[in-house]
Structure formats: C-alpha cells, structure tokens
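One letter stands for each residue in the lines below.
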Amino acid sequence: MKQVLHLRVNGQAHELYVEPHKTLLEVLRDELDLTGTKHGCDLGECGACTVLVDGTPILACLALPIELQGREITTVEGLAHGAELHPLQRAFAELNAAQCGYCTAGMMLSAKALLDRETNPTREKIRDALAGNLCRCTGYEKILEAVEVAGREIKK
Amino acid sequence: MLHLPPFEYFAPCSIADAVNLFAQYGDDAIFVAGGTDLYPNMKRRQFTPKVLIGLNGIDGWRGISNGNGVTIRAGTTLNRLSDHPTIRQNYPALATAANLVSTPQLRAMGTLGGNLCLDTRCNYYNQEFSWRQALGFCMKKDGEICMVAPGSPRCWAVSSTDCAPVVIALDGRVRLVGPRGERVIAAGDLYRDDGIAYLGKTRDELLTEILLPPPDGTKSIYLKLRRRDSFDFPILGVAAALRFASNGEIENARIVLGGVGSRPLECVESARLLMGQKLSRELIDAAADAAWKPARPLDNTDSTHSYRKKMTRVYVARALEALSEK
Amino acid sequence: MSNVIGTPLAKIDSWDKVIGAAKYADDMNLPRMLHARILRSTMPHARIKSIDTLDAEELPGVVAVITGRDVPIEYGILPSSQDEQALCVDKVRFVGDAVAAVAALDVETAERALQLIHVEYEPLTPVVTMNEALDETRDAIHSGEHADHHNIHKMVALEFGDLDAGFAEADYILEENYFYQGNTHLALENHSALASFSPDGHLTLWSSTQTPHYVHRALAKTLELPASRIRVVAAAIGGGFGGKTDPFSHEIVACKLTMLTGRPVKITLTRQEVFYCHRGRHPVLMWVKMGVRNDGEPTALHFRTMLDGGAYGSYGVASTYYTGALQTVTYKIPAYKFEGMRVFTNKPPCGPKRGHGTPQPRFALEIHLDKIARHLGLDPAEYRKQFIVDDKTKTVNHLTITTCGLRECIDRVVEASGYGSEKRETRNESQESKIENQKSKIKIGFGLACGSYLSGAGLPIYWNQMPHSGVIVKVDRGGGVAVFCGSTDIGQGSTSLLAYIAAEEFGIDVRDVRVITADTDLTPVDLGSYSSRVTVMTGNACIQAVRPLKQKILDAAAEKLLVPAESLSFRDGEIICEDDDARRLKWTDAVVLTEAKHGTLSGTGSYKPPKRAGPYKGSGVGVSPSYSYAACVAQVSVDIETGQVRVEKIWLAHDGGRALNPLLVEGQVEGSVYMGVGEALMEEMTYRGGLHKAPSLLDYKSLTMNDMPRVETFLVETNDPEGPFGAKEAGQGPLLPVPPAIANAIYDAIGVRIDETPITPDKILKALEEKEKGRTARFGPKNFPNAPYPEPLHVEPPEDAPRLERKKG
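As you go down the protein sequences, you meet chains A, B and C in turn.
If you want our numbering, it's the position in the first sequence, counting the first as 1, plus 141.
If you want our numbering, it's the position in the second sequence, counting the first as 1, plus 61.
If you want our numbering, it's the position in the third sequence, counting the first as 1, plus 61.
Do not rely on the hints blindly, as some may be mistaken.
Claimed, not checked - Not close to chain B: a few residues of chain C, all C-beta gaps over 12 Å, as computed:
| hint | residue |
| --- | --- |
| 1 | SER111 |
| 2 | PRO133 |
| 3 | GLU206 |
| 4 | GLN333 |
| 5 | GLU773 |
| 6 | ASP861 |
Claimed, not checked - Restraint ranges, calculated between C-beta atoms of paired labels, are given here:
| hint | chain 1 | residue 1 | chain 2 | residue 2 | range |
| --- | --- | --- | --- | --- | --- |
| 7 | A | ALA154 | C | ASP151 | 54 to 62 Å |
| 8 | C | ARG290 | B | PRO67 | 36 to 44 Å |
| 9 | C | GLY634 | A | ARG293 | 29 to 37 Å |
Said to hold, decoys possible - Here are the simulated lysine to aspartate or glutamate pairs, EDC-like style, with alpha carbons at most 16 Å apart:
| hint | chain 1 | residue 1 | chain 2 | residue 2 |
| --- | --- | --- | --- | --- |
| 10 | B | LYS111 | A | GLU160 |
| 11 | C | LYS672 | C | GLU783 |
| 12 | C | LYS84 | A | ASP174 |
For the record, the hints were derived by calculation from the structure and aren't laboratory data.
No residue lacks a Cβ here, since even glycine has one placed at the ideal position from N, Cα and C.
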C-alpha cells in the first residue's frame with residue numbers, strides 16, 4: 142500500500158506517495174527521474190548506485206526511503222553547484238576517469254565523502270574509500286589520479 | 062531490476078515496542094536493521110515477510126559505552142565500530158573484523174547485530190529464485206535435500222560472519238530481549254551447528270547488545286581469507302585471543318574459526334594445548350594442527366574446500382605468530 | 062593545422078557522464094510504456110512439449126504474452142550461424158535460454174506473470190563438457206545444418222609452408238597442453254532495450270548495443286519488416302567489451318511486443334540474465350608443438366585448439382579461426398599448422414570478448430616461448446627480439462605487417478622494470494618474528510610476454526563491396542561542424558575521436574564540432590564497435606569526408622584573399638596565408654563565402670580496408686589494415702604457503718601507432734591490463750552440470766580497486782601508413798600479453814608452471830606439491846582429447862614471408 146514519504150534529495154524537499162518496499166534506487170530513478178544513479182546488480186555487490194546520506198556513502202539499492210526521511214540525500218545530480226561543476230566532476234572528465242560512465246556517479250560520491258574529510262588523502266586511503274565501487278573500464282588508474290587532482294583543487 | 066517483495070513496514074521507537082510488534086505478527090514478521098543481508102535475500106525470494114520491523118528508529122539502538130568492559134548496542138554500524146577508539150585500542154581484532162566486512166558502503170549501513178545474525182551462506186542458496194528453480198531448490202529454502210551433501214539430513218550452509226568468531230574469542234556475551242523477558246548468553250551460545258536453524262535464539266528474540274569483558278591484557282587478532290580485498294565474505298576467518306602472564310606463559314587462549322562450518326567453530330583442543338605454555342614454533346604448529354583437524358569446509362563457497370581446509374592450519378599459525386610479536 | 066591530434070583532451074561526452082545526464086537505455090522512458098520480462102529455461106537441454114500462458118495473460122496488468130511461435134525466424138550474428146530464435150520454439154539449449162515474454166504495466170507484474178507461465182519440458186541429456194560434446198551417443202544440440210558434425214560446430218585445419226621440414230630442422234621441440242578458462246565481459250550496465258512502434262509502421266529501438274547495424278539487420282529479418290522502416294539507435298552504453306555485439310533475444314522481443322501492443326516496451330535484463338546472454342571468452346584447450354634451433358629461431362609451429370562454444374554459434378566460426386590466426390604476426394615463423402575446433406555445449410553461448418579468440422593462444426604461445434628460452438638458457442626478452450617480424454612483410458599465413466614497434470615495446474618495459482637484471486629478492490611480508498622468520502615465504506618474480514592485435518577486421522561480417530564505415534560532415538554557416546557516423550562509443554572515446562579529427566582538419570576548437578552517432582536513420586553505416594576497427598576505419602572515413610570540403614573552403618578563401626589556395630592553411634579558427642599572415646580570414650567568414658558559392662556544405666567519406674585476404678578459404682579472419690603490438694612485464698609476489706599471488710606492478714608498452722589522444726590510449730591500456738590481470742587470477746565462468754555456478758557480481762570475481770596493481774604505461778608511436786594520422790588500435794591488444802606475463806612471473810618466482818587460467822592459489826599449491834615430490838612442477842591440462850580434426854588445407858606461403866633455411870642434412 143502506498144504511503145506518503147518526505148524525502149530531501151539534493152537540497153530539495155519532495156513529498157511522494159510510494160509503496161514501502163520500493164528501494165531508494167527505484168524511487169530516485171522512477172519517481173524523481175534522477176536516473177544518474179545507476180544499477181548494476183541490485184544486490185549490494187557493485188557500488189554503482191552509491192549515494193550519500195548525510196555525507197556518508199550508502200547503496201541506494203539496499204536502502205528504504207521510508208527510513209531516510211529527514212536525512213539529506215545527495216546524488217550525482219546534486220554534486221555541482223548550479224552550473225559550476227564539483228572539482229571531482231571536472232577531474233573525472235578531464236582525466237578520462239569516466240570511460241563508459243556507468244560507475245562514475247557512485248565512484249564520485251564515494252570520493253566526495255573521502256575528500257570532504259581530507260583533501261590530500263594517500264593512495265591507500267583513496268583505494269580503501271573506493272573499494273566498494275567496481276569499474277570494468279579504467280583499471281582504476283585514472284580514477285585514482287582524478288580523485289587526487291580534485292582533492293588538490295578543493296584545497297585551493 | 063530486482064525488486065523487494067511487498068511488505069508492511071513498522072518503525073518502533075523502543076525495543077519493547079519492537080518485541081511486541083513481533084509477537085503480534087509472529088511468523089509473518091522479520092526484524093531488520095541495516096538490511097544489507099536481508100534485502101538481497103528478499104530480492105532473491107529467500108524471504109518474503111509480510112511485515113518488516115525496522116529497528117533503526119529505536120532510541121538507543123546505536124552506541125558504544127565503556128564500563129566494566131564495553132557494551133556495544135546491536136545497531137552500531139560496522140564502520141562506527143571499526144573506527145571507535147576503545148574498540149581499536151582494546152579489542153583490535155573486532156575493529157579489524159568489522160573493517161573487513163564487505164565494502165565501505167555496506168559497513169556504513171550494516172550493523173554489528175546484523176553481522177552476528179547474518180544468514181548462513183551457500184552458493185546453492187544465495188541465488189535468484191529462477192536459478193534455484195533450475196537447480197531444484199535446496200532444503201534451506203523450498204527444497205528437500207542439501208545440495209552440497211545430498212545424503213545429509215541437515216543443511217550445511219556456512220556461517221559467514223566476520224565478527225562472530227572474534228566476539229566469541231573475546232569471551233563476549235549477547236543480550237537477547239523477547240516476549241518472555243531478557244537474557245544474556247555467551248556469544249558462542251548464539252549459534253547452532255545447523256545451516257537452517259543456525260541461531261541459538263528464538264525468532265521473536267531481539268539481539269540488543271554485545272558485551273565484551275575488560276581486555277585485561279588479552280591480545281587479539283582476526284585474519285580473513287577471501288579472494289578479493291573487498292566485497293567478499295570470508296571463506297575462512299580466524300579469530301585468536303591470547304592472554305600472557307608476565308613470564309610469557311599463556312593464561313587464556315581462544316581460537317575461533319569462521320567460514321568453515323554452519324557455526325563459528327571453537328578450536329578447543331588448540332586452546333588446551335596453548336594453556337600454560339610459552340609460544341614456540343612447535344607449539345604453534347601443534348595448535349594449528351589441532352585447529353585444522355575439526356575444520357570441515359564443504360564445496361559451497363568460493364575456492365575449493367580442500368584449499369580452505371589447508372589454509373586453516375596456515376592461518377591459525379599465522380594468527381598465533383602475529384600475536385607472539387605484538 | 063591545429064593542435065588537437067596528439068593532445069590529451071577530455072572526451073566530448075564525458076561532461077554528460079559526470080553530471081549524470083547521459084541517457085543509457087534503461088534511463089529512458091516513454092509515455093504509455095510497458096515493461097517486459099523474459100521467462101528463461103530452467104533446463105540445460107530439453108524439448109519444449111507445451112507452453113501454457115493463459116494464467117499469465119489473465120493476471121491484471123498483463124498486456125501481452127508471447128512465445129517462440131510469435132517470433133520463430135532464426136537469426137544470428139554471422140550469416141553462417143543463423144541458429145538462434147528470440148524465444149525458443151521446439152527446444153531449449155541452456156539454462157537461461159529465452160522461452161516466453163510478458164509485457165505488463167509495471168515490471169513487478171511482468172515478473173509475477175512469468176511465474177504463471179507453465180512450460181512442460183522433455184529433458185534431454187545435457188552436453189556440458191567438451192569431451193561430452195565429442196561423444197556422438199549424446200543428443201545433438203543443433204540440427205545438422207548448423208554444425209559441421211553432430212556437436213562439433215566448426216572444424217578447420219590449415220597448413221602453411223612445410224611443417225615436417227620445419228620440425229626436421231629443429232634442434233629442440235617442445236610440446237605442451239594449455240587451458241584458458243572462459244570468462245565474461247561483466248559490463249557494469251545490464252543490457253537494456255526500449256522499442257516503440259508508430260501507427261505508420263515505423264519501428265524504433267534504443268538499445269545498449271555495440272553494433273546497431275547488425276541489430277538492424279536481425280530485426281528486419283526476424284520481424285519481417287523492411288529495413289527502411291526500422292530505426293536502431295545505440296543509447297549511451299555502460300561498457301561493452303564485446304558483450305553487446307550480438308543481436309539479442311530481448312531486443313527482438315521488445316520490438317515484437319511494441320508491434321503487438323502499440324505501446325512502447327522496455328526490457329532491462331537482470332545481472333543473472335546478462336550472465337546467461339554471455340558471448341564471452343571461449344574456454345579453449347590448446348596443444349602446442351614448437352620447434353626451434355639452438356639459438357631459439359623458430360622452425361615450425363603446430364597449434365591445435367578446442368573451443369567450448371556453449372549453446373549457439375554467435376561469432377564462434379570467427380572465434381575458431383582467431384585462435385589460430387595471429388600466432389604469426391609477432392615472431393617469424395616459417396612453417397605453421399593450425400587445427401581448430403569449436404563444439405556446442407548446453408551452456409550460455411560464448412562469443413567475442415576483448416581480444417576475441419586471441420588471448421587464449423597468446424597465453425599458450427608466450428608461456429611456451431618462456432619455457433623454450435629457459436631451456437636454451439636464453440634471456441626471454443632478448444630471445445624474442447631476435448625473431449620479431451619486419452615492417453612491410455607478410456606472414457606465413459598471408460597477413461600483411463605494415464609497422465611493428467614490438468622491439469621498442471620490449472625495450473621500454475625491460476628498461477623500466479629492470480627485467481632480467483638481478484633485482485629480484487625474497488621479501489619479508491610480516492615483521493621480524495620472534496618465533497621464526499617468515500622471510501622465505503614470499504617470493505618475487507618477473508615475467509615478460511608480448512602480443513599483437515588487429516586494427517579492425519579486414520572483411521565485413523556480411524561479405525559485400527560496400528564501405529565498412531561511412532561519415533557525413535556538415536558545416537553550418539555559423540561555423541559549427543556536425544559529424545555523422547554510425548559508430549558506437551562504448552566508453553573508449555570513438556565519438557570524441559571524430560570530433561578531434563574534424564577539429565584538427567578544420568583548425569577549429571573541438572567544442573565547435575558536434576558528433577551524431579549510432580543511429581541508423583541519421584548516420585551512415587559503421588559496422589560497429591568490435592575488432593578494434595573504429596579508430597582506423599571511422600577516422601579514415603572522416604578524413605575523406607572532410608578533405609574535399611576543406612578544398613572548397615580554401616578555394617573560396619583564396620578568391621577572397623587573392624592568394625593561391627595552396628598557400629592557405631587552417632589554423633586556430635582562421636584560414637591563414639602561410640606566405641603573408643596578414644592575409645587571413647575567420648573560419649566563420651570563410652564558411653559563409655563557401656556556402657554562398659557552393660550551396661549547402663557537406664561531405665561524405667567511406668572507408669573500406671585494403672583487400673589483403675590470402676588465397677585460401679578462411680583467410681578472411683586475421684587480415685587487417687594494421688596490427689598493434691604490446692609488451693608487458695609483470696612483477697608478482699607469491700606466498701608459497703598460501704599460494705596467494707599478488708600482482709605488484711605491470712609495465713606495459715603498446716604500439717598503437719600514433720596516439721590521437723594519449724589520454725584515451727592510456728585508458729585503453731590500463732583497462733586492458735585490469736581485465737588481463739583479472740582473467741589471469743580470478744575471472745571465470747564455472748558451471749555445475751549446465752547451471753552457471755556464480756551468476757552474480759559477488760561470486761564472479763572481478764578486481765576491486767584494492768586488488769589492482771600499479772600500471773606504468775608506455776606508448777610506442779609508430780606512424781602507420783594505414784591509420785588516420787598514423788594510428789592503430791589500442792582497445793584490445795594491450796590485454797593479450799598480461800596473463801602470460803603473470804604466469805611467467807610466477808614461474809620466475811617459485812619455479813612452477815601454471816599452464817591454465819585462472820591461476821588460483823590452490824593450483825599454485827598443487828604445483829608446488831608436485832615440485833616437492835620431484836614430479837613435473839606444473840599445473841595444467843595433461844592431455845588433449847582425441848578429436849576428428851580434418852586433413853589440413855596446404856597453403857603456399859607468400860613470397861615475402863619468413864623462409865625456412867635448411868641448415869641440416
């Protein structure tokens with residue numbers, strides 16, 4: 142049975158009417174048309190659907206929106222400030238860290254949570270922070286570089 | 062996309078309310094905290110509860126408090142646990158184990174209570190409905206026989222929790238709250254050697270707290286065998302806790318294996334060999350050998366069972382070696 | 062000229078990807094859209110006795126249910142393998158074969174409806190292994206027309222030069238069996254298709270496909286619609302690697318359902334279904350016999366392969382030839398015999414995955430060479446360098462080498478890694494132990510291997526005289542340039558490449574170029590993103606489309622500036638007289654002048670590879686305009702107690718010709734290394750009976766960021782005459798040397814040979830046990846099945862191929 146749901150996504154409040162078994166991933170994509178959040182497995186095994194809840198990366202495919210009312214949800218569509226891209230977005234584009242682009246949203250959101258804590262992380266720390274996001278295209282090398290570059294940019 | 066089956070959702074504010082709700086819905090209900098274990102299983106139709114009792118809204122569901130030892134609320138997420146200074150300082154094996162569970166995202170969602178109650182795993186079981194249909198279903202869900210040991214009367218699904226072996230090795234206890242009141246049991250008693258009825262608690266009992274005794278000089282370590290350095294469940298976990306007397310003799314020893322049986326496997330014989338002795342190459346080898354013997358992995362996880370059994374000896378020896386160095 | 066080519070630039074479609082705006086097929090929705098799901102076989106091999114769809118049809122919310130009888134026409138990617146049906150009619154051939162489909166108002170209803178379809182099967186004995194496929198007492202999976210013999214799909218035997226003479230000349234002959242396990246693409250995006258049928262009879266399909274042109278053909282055939290009324294559009298594609306190059310059941314089904322219901326229909330596969338679609342790397346069993354002289358010079362090579370094809374043909378005929386085609390393009394081989402065989406089994410069909418049919422034999426060959434070098438006491442790197450093919454020569458099997466930078470590739474990785482020098486040492490993983498030190502447990506080793514891959518197949522899948530790639534360029538009077546091409550960008554950057562080339566040629570900013578791709582209504586045909594063909598073929602077509610236009614613009618500008626057209630060039634948004642740079646025209650002004658003079662400004666270009674196929678049947682596979690080369694050194698550490706291997710570092714040098722955008726070439730190299738390391742160590746398709754053991758992202762092991770070694774990439778830029786601006790391929794070749802380099806490094810570390818993939822810890826321990834017992838320190842296949850390979854076709858090598866010099870007798 143559908144229920145009223147209040148969600149804050151990318152700084153915007155939404156009143157929705159959905160069934161409680163719909164995951165955050167389904168609600169983002171199907172109800173809010175925020176299709177930047179991708180699905181690779183639906184079982185918590187790839188990280189493609191990573192979003193931030195109060196700044197912490199979680200998996201939208203395993204989260205119930207009903208439990209996230211009153212929390213701040215950030216998706217890839219909420220990374221930029223208006224027309225100004227987040228340094229991660231710029232670095233991912235400029236350094237070819239996004240090949241097919243399917244892991245990119247999740248990857249950047251995991252990275253954002255890290256860079257919000259520290260702007261100059263070691264490679265080890267970047268690896269640990271992004272170890273829950275699979276990529277099949279890049280071999281991760283350019284992603285590591287992009288996170289470092291974005292960190293330096295943020296520090297400025 | 063895979064979908065959760067429809068359910069009614071309740072968010073009780075207190076443990077008492079949660080337990081009452083469960084009493085009301087009984088077989089139709091399941092408790093859920095982080096959901097990282099339950100939801101994939103629901104999407105694959107291992108579980109189709111009519112009612113979900115979400116625990117995350119319970120007052121005091123999370124948190125770690127010091128006292129005589131430490132009390133960890135069951136809803137404490139695994140990342141909080143592994144980052145907590147007291148845990149890192151006094152119970153490093155637990156911090157390690159929690160930090161080795163799956164991925165950062167899962168650790169931010171998953172809880173210690175959830176990890177301790179993790180459904181047993183088996184690669185004949187953790188599959189989508191249509192796959193299990195093609196297989197003919199196993200006894201753990203919808204079928205009659207155990208696919209990994211077809212002649213067996215029981216289910217051999219594997220205890221795959223990283224934290225349970227550690228909590229048991231650290232002499233932990235758990236608090237259970239149910240309709241008949243609450244009880245505190247040794248962590249080891251939370252488990253049964255059966256892939257289906259793997260928990261030593263009734264379904265209506267809620268695991269609310271994990272109690273660890275003061276470390277009292279106990280050194281602990283957790284080693285995990287898995288294919289990749291992320292995502293993967295343990296196909297062998299070794300938790301070891303040793304307390305040394307000032308003369309170097311071992312006063313207390315516990316070694317617990319995960320991932321090689323339907324419950325965490327305590328290596329009683331290894332501990333017996335270690336007690337009152339000083340660590341030496343020979344002693345370590347003897348203790349590792351004693352741990353290797355009872356480990357009985359079957360061919361229902363990643364890698365081969367013979368390799369996992371072989372590694373039991375190596376990992377136990379390495380755990381003891383590492384503790385001797387600390 | 063401008064400064065675009067050779068510059069590390071962002072891809073033009075990266076921006077949409079980083080803001081989440083790129084539309085992948087499953088991100089698209091249309092008004093009144095229905096959601097469809099496919100019922101898949103739960104039997105590996107069975108006859109369909111009956112299908113009852115009544116209960117499903119009656120479920121509220123269900124709009125249509127179809128079965129094989131609604132779409133019975135056979136199709137397949139190769140004209141010679143039209144052996145698939147969108148939904149099986151009489152028989153299912155693997156667990157996951159499509160049987161029926163439901164369109165409903167929402168996905169959950171469609172899923173529920175699948176449970177209400179009752180299929181009665183008559184089980185047949187499944188054929189699961191290659192040995193079972195050779196057993197003629199088992200049921201045939203396909204009828205005779207689709208197989209060479211019973212469950213043998215394809216047999217081939219070719220002999221080039223005098224093999225017996227070659228072996229007679231050899232001082233040392235080594236024979237060994239190898240096995241390369243099957244694995245899958247695992248693109249992060251699950252396949253998805255959205256179809257829409259308009260009342261005037263036009264069908265549109267948006268799909269995650271690498272080959273819209275071939276999907277176009279398959280739809281016309283199976284739906285019996287004129288191709289002129291079908292439009293296929295490749296949406297943004299979330300990774301391909303060859304996994305989206307076949308026409309798929311779900312694409313045809315989505316189209317059929319939209320035609321029946323008059324409503325748009327979307328099907329998105331689950332991860333498990335993608336494992337069932339597969340078309341990934343063939344498991345290949347190999348037997349190699351190589352003869353060499355005492356200095357290592359190859360005198361003869363005999364290579365036998367057996368491919369486990371799974372249930373359908375797919376690209377399998379080509380895959381079979383590919384397991385034999387490219388052994389000759391790296392080292393001079395004067396006599397070569399190849400025998401290949403592909404068998405049908407009741408498992409998901411194999412097909413093309415990055416490197417298509419060549420990583421398997423390359424794995425065997427490069428390990429084989431390492432063994433030979435060590436037997437002869439030669440440095441494996443120096444040894445290889447002595448016999449590398451020369452530029453502008455032919456191989457014994459009639460392949461044309463234009464440029465080969467392999468020698469430099471080897472030098473670069475050897476120098477950077479210190480390969481061959483005495484830098485290896487045992488390392489202590491844990492700290493000093495009070496009990497007993499662990500020093501001896503971790504062993505370090507270095508291994509080297511090489512590889513080569515084609516820059517596009519020299520022949521199209523459907524043999525015809527038409528271009529492989531077409532480009533239309535339109536110049537707007539505002540100065541904007543639009544490039545139209547049928548190519549599909551799967552993340553590698555092929556769309557951007559067209560923009561770079563147009564910008565370079567016109568001397569304008571890349572941002573002034575728009576590229577419209579992969580839309581059969583709007584863009585001229587490009588055959589698709591497979592066989593590493595896109596850069597060379599679309600690039601050349603683009604240059605051809607641009608150049609006459611440039612001439613028109615130059616002529617118009619020359620008239621205006623009163624200088625000869627030859628003195629003008631395109632630079633930084635202007636047309637400038639090289640003799641007098643005061644005489645210049647803005648690009649936009651020049652365009653206006655030209656349009657006023659000539660009318661609408663557009664140009665077309667077409668590319669067809671040079672005709673180079675040899676004079677024998679089967680010579681079409683392997684020919685290419687050019688070949689890329691790669692050399693790899695891997696550093697591994699092996700724990701001899703646990704058998705665990707850690708790839709510490711990979712050095713990879715790639716000759717991809719001129720790097721049109723080094724950033725993108727590096728991306729292809731790093732991605733290839735990633736995939737190669739994964740295939741070497743953990744990726745594998747495993748089955749219990751006919752059932753896939755691990756169809757999930759958790760159980761199918763792919764490297765995480767924590768498992769990925771550091772990669773040092775070197776681009777060796779030969780200037781290839783066939784490529785646009787000298788470019789060759791980069792998307793697949795760099796994968797090839799990685800798995801054998803790792804296997805060779807493991808041997809270097811611990812002295813055991815692992816002659817099969819994946820190289821797992823338990824196999825290492827088993828090989829170490831063999832070594833300890835004084836037996837052959839090896840893990841791998843011990844024998845090769847007795848199979849009816851045909852008599853070989855004898856082919857005379859071309860004039861300029863390596864010749865066997867007779868020194869003996």
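To see whether the hints hold, each was checked on the structure:
no.	hint	verdict
1	SER111	holds, 18 Å
2	PRO133	holds, 24 Å
3	GLU206	holds, 29 Å
4	GLN333	violated, 5 Å
5	GLU773	holds, 21 Å
6	ASP861	holds, 49 Å
7	ALA154(A) <-> ASP151(C): 54 to 62 Å	holds, 57 Å
8	ARG290(C) <-> PRO67(B): 36 to 44 Å	holds, 41 Å
9	GLY634(C) <-> ARG293(A): 29 to 37 Å	holds, 32 Å
10	LYS111(B) <-> GLU160(A)	holds, 13 Å
11	LYS672(C) <-> GLU783(C)	holds, 12 Å
12	LYS84(C) <-> ASP174(A)	holds, 11 Å
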